[in-house]
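Engineer: All chains, full assembly: derive it from the sequences and hints.
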Amino acid sequence: MEFPEQSKSKVVIIDSLQSWEFHLTQASNQNSPVVVHFTASWCMPSVAMKPVFEELAFSYPDALFLSVDVDEVKEVATKLEVKAMPTFVLLKEGAQTEKVVGANPEEIKKRVDALVQSNRASLA
Numbered sequence: 001m002e003f004p005e006q007s008k009s010k011v012v013i014i015d016s017l018q019s020w021e022f023h024l025t026q027a028s029n030q031n032s033p034v035v036v037h038f039t040a041s042w043c044m045p046s047v048a049m050k051p052v053f054e055e056l057a058f059s060y061p062d063a064l065f066l067s068v069d070v071d072e073v074k075e076v077a078t079k080l081e082v083k084a085m086p087t088f089v090l091l092k093e094g095a096q097t098e099k100v101v102g103a104n105p106e107e108i109k110k111r112v113d114a115l116v117q118s119n120r121a122s123l124a
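For the sequence shown, full-length UniProt numbering assigns the number 1 to the initial residue and increments by one for each residue that follows.
Any given hint could be a false lead.
[To be verified] For lysine-lysine, the following DSSO-like pairs were computed, each having C-alpha atoms within a straight-line distance of at most 27 Å: (1) K10 to K83; (2) K79 to K109; (3) K99 to K83.
[As the list claims (entries may be wrong)] Listed next, with one range per pair, are the computed distances between beta-carbon atoms: (4) P45 to K74: 15 to 23 Å; (5) P61 to K83: 29 to 37 Å; (6) I13 to K99: 18 to 26 Å; (7) M44 to E21: 26 to 34 Å; (8) A114 to Q18: 28 to 36 Å; (9) L123 to A84: 26 to 34 Å; (10) E81 to I13: 20 to 28 Å; (11) E106 to E21: 30 to 38 Å; (12) I13 to K83: 19 to 27 Å.
Hints listed in this document are in silico derivations from the structure and should not be mistaken for laboratory results.
Glycine included, C-beta positions come from ideal geometry on N, C-alpha and C.
Structural biologist: Put into structure tokens, the structure is as follows:
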């Protein structure tokens with residue numbers, strides 16, 4: 001039996017610069033860290049990382065997980081100087097704290113865990 005809440009993605013797809021700014025502002029107002037997966041449909045390592053990213057989003061409900069297709073929302077990729085896919089950018093209070101380039105699930109999990117733990121500590 002499948003759990004309905006697990007079939008719904010926790011990852012927000014960013015489809016415009018306005019959508020990006022809205023979600024970043026909302027996360028900042030709620031003191032939520034943000035994890036962004038810069039991806040491209042033609043990039044197999046990016047596609048392979050999608051389920052890992054989804055799993056992280058379920059594991060860390062107090063962080064906001066965003067997915068940005070670099071071909072659809074070029075302005076955001078340019079703004080954050082994303083030059084290769086996949087790239088994972090971690091933000092706290094609207095500012096970039098880390099960038100991981102490449103499909104490295106263990107490293108991404110480690111960085112996301114550290115970001116969320118440090119955010120929890122700063123809110124305590």
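Engineer: Each of the hints needs a verdict: does it hold here or not?
Structural biologist: Against the structure, the hints come out as follows:
no., hint, result
1, K10 to K83, "holds, 25 Å"
2, K79 to K109, "holds, 24 Å"
3, K99 to K83, "holds, 11 Å"
4, P45 to K74: 15 to 23 Å, "holds, 20 Å"
5, P61 to K83: 29 to 37 Å, "holds, 31 Å"
6, I13 to K99: 18 to 26 Å, "holds, 20 Å"
7, M44 to E21: 26 to 34 Å, "holds, 30 Å"
8, A114 to Q18: 28 to 36 Å, "holds, 30 Å"
9, L123 to A84: 26 to 34 Å, "holds, 33 Å"
10, E81 to I13: 20 to 28 Å, "holds, 21 Å"
11, E106 to E21: 30 to 38 Å, "holds, 32 Å"
12, I13 to K83: 19 to 27 Å, "holds, 21 Å"
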